[in-house]
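Visitor: From first to last, the protein sequence lines stand for chains U and V. Under our numbering, residues 1 to 191 are what the first sequence spells out, in order. Under our numbering, residues 1 to 138 are what the second sequence spells out, in order.
Accuracy of the hints is not assured; some may be wrong.
[Said to hold, decoys possible] Cβ pair distances, simulated, as ranges:
id	chain 1	residue 1	chain 2	residue 2	range
1	V	Trp-28	U	Ser-45	38 to 46 Å
2	V	Arg-137	U	Ser-46	33 to 41 Å
3	V	Ser-110	U	Pro-169	33 to 41 Å
4	U	Asp-125	V	Glu-99	35 to 43 Å
5	U	Pro-169	V	Gln-20	28 to 36 Å
6	U	Arg-41	V	Lys-93	30 to 38 Å
[To be verified] Quick list of in silico lysine-lysine cross-link-like pairs, DSSO-like style, CA-CA up to 27 Å:
id	chain 1	residue 1	chain 2	residue 2
7	U	Lys-146	U	Lys-22
8	U	Lys-121	V	Lys-84
9	V	Lys-123	U	Lys-87
10	V	Lys-111	V	Lys-138
11	V	Lys-87	V	Lys-111
12	U	Lys-87	U	Lys-146
13	V	Lys-52	V	Lys-87
14	V	Lys-111	U	Lys-121
15	V	Lys-109	U	Lys-104
16	V	Lys-52	U	Lys-146
17	V	Lys-111	V	Lys-52
18	V	Lys-109	V	Lys-138
19	V	Lys-93	V	Lys-36
20	U	Lys-121	V	Lys-87
21	U	Lys-163	U	Lys-22
22	V	Lys-52	U	Lys-87
23	U	Lys-87	V	Lys-138
24	U	Lys-71	V	Lys-36
The set of hints was computed from the structure by calculation and includes no laboratory data. Even for Gly, the Cβ is constructed at its ideal location relative to N, Cα and C.
Here are the chains, one letter per residue:
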Amino acid sequence: MNMRRAILCLFLLGSLACNRAKLPVLPVGGDFTLTDHNGQRFELSSLRGKAVVVFFGYTSCPDACPTILSKLSAVSRRLGDDAARVKTLYISVDPERDTPQVLKEDLGSFQLDALGLTGTKAEIDRVVALYGAEYEIIPTPDSAAKYTVAHTTTLYALDANGKTRMEFPFDATVDQIADGLRKVLAAGSPL
Amino acid sequence: MRRILSCLGLCAVCWASAAQDVVARNGWVRLPLPSKNETALYVVLENHGAQKHSVVGGTSDSAAAIELHEMKMLKSAMYMAPVKEVKIPANGKASFTPESYHVMLFGLKSKLAVGDTVNVTLKLDDGSTVPVAATVRK
């Protein structure tokens with residue numbers, strides 16, 4: 001009986017090790033400090049122990065950003081109890097319009113454990129570069145919007161140690177993201 | 001005089017047929033974020049006629065300005081940009097859908113709620129119009 005238990009434990013540990021091996025650490029990302037939607041300084045390192053989804057956008061974005069936030073809300077429902085172990089960070093690339101108050105008000109309309117982040121242009125540029133993302137402010141003088149912001153729409157999934165483990169493209173489905181986040185959660189769990 | 005009347009009659013028939021050829025289906029408006037008084041409208045415009053058309057603008061009692069926009073890519077980044085027209089091929093359709101074309105409503109005149117109907121009149125290149133009754137969705 002003891003022998004059978006020992007074999008089972010070895011099998012489970014082996015499976016876990018295999019899962020970890022399948023999810024390499026990606027060469028993007030890293031710790032950063034910004035201002036959260038409550039006006040407090042925020043450090044990524046404060047989320048150790050949780051999986052984190054990072055993405056870049058802006059609240060005046062009429063199409064891509066609300067699509068992503070709606071999708072992540074659906075992912076959160078799909079994750080069930082695991083959703084409590086995942087935090088979303090929505091980093092604005094439009095600090096002129098996206099004050100902490102605006103971020104808090106707009107994020108509140110989504111059923112998602114998310115924190116809006118902003119900062120000075122230099123602070124935001126540093127984080128964008130860390131994650132290998134891009135953004136560019138494009139004037140649109142013929143539009144009531146006055147300017148638009150081109151931005152990367154990739155989702156970066158960080159493990160419990162803050163390491164980037166997966167990237168999801170804009171067209172990733174709810175199932176793909178939920179499955180991926182479960183793998184990230186498993187990869188970040190202590191042995 | 002008869003010729004003038006005939007021409008006027010023919011023009012009226014052409015104008016009426018353009019307006020009747022293009023039909024709006026499945027119109028919906030994304031619920032605006034709490035701090036915003038702008039949002040996007042999505043709709044499918046079906047052209048059942050043998051003549052191509054283009055949408056060139058629109059009006060609405062619910063918004064101060066209406067613009068046609070398109071999602072575009074700049075390297076790996078996505079952005080929206082205004083466009084002057086959106087073509088509707090003969091016996092085809094133009095789809096205003098997320099991640100593609102959308103009709104922007106700027107300067108909303110009242111707070112919208114899920115289930116509200118927003119009426120928009122889209123203008124075609126020949127001067128005819130297409131009514132769109134769009135439901136607000138989250």
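Visitor: Take the hints in turn and mark each one as holding or not.
Guide: Quick rundown of the hints versus the structure:
1. V:Trp-28 x U:Ser-45: 38 to 46 Å: holds (42 Å)
2. V:Arg-137 x U:Ser-46: 33 to 41 Å: holds (36 Å)
3. V:Ser-110 x U:Pro-169: 33 to 41 Å: holds (37 Å)
4. U:Asp-125 x V:Glu-99: 35 to 43 Å: Roughly 26 Å apart at Cβ, these two residues miss the hinted range, so it is violated.
5. U:Pro-169 x V:Gln-20: 28 to 36 Å: violated (42 Å)
6. U:Arg-41 x V:Lys-93: 30 to 38 Å: violated (51 Å)
7. U:Lys-146 x U:Lys-22: Not satisfied, since the Cα-Cα distance of roughly 46 Å exceeds 27 Å.
8. U:Lys-121 x V:Lys-84: Violated - the C-alpha atoms of Lys-84 of chain V and Lys-121 of chain U are around 32 Å apart, more than 27 Å.
9. V:Lys-123 x U:Lys-87: violated (44 Å)
10. V:Lys-111 x V:Lys-138: holds (14 Å)
11. V:Lys-87 x V:Lys-111: Violated, at about 31 Å.
12. U:Lys-87 x U:Lys-146: The hint is violated at about 32 Å.
13. V:Lys-52 x V:Lys-87: holds (8 Å)
14. V:Lys-111 x U:Lys-121: Cα-Cα ~32 Å, so violated.
15. V:Lys-109 x U:Lys-104: holds (23 Å)
16. V:Lys-52 x U:Lys-146: violated (32 Å)
17. V:Lys-111 x V:Lys-52: Not OK: Lys-111 of chain V and Lys-52 of chain V at ~36 Å, beyond 27 Å, violated.
18. V:Lys-109 x V:Lys-138: holds (19 Å)
19. V:Lys-93 x V:Lys-36: violated (30 Å)
20. U:Lys-121 x V:Lys-87: violated (39 Å)
21. U:Lys-163 x U:Lys-22: holds (15 Å)
22. V:Lys-52 x U:Lys-87: violated (49 Å)
23. U:Lys-87 x V:Lys-138: holds (22 Å)
24. U:Lys-71 x V:Lys-36: holds (20 Å)
Comparing the model with each earlier hint shows violations of hints 4, 5, 6, 7, 8, 9, 11, 12, 14, 16, 17, 19, 20 and 22; every other hint is respected.
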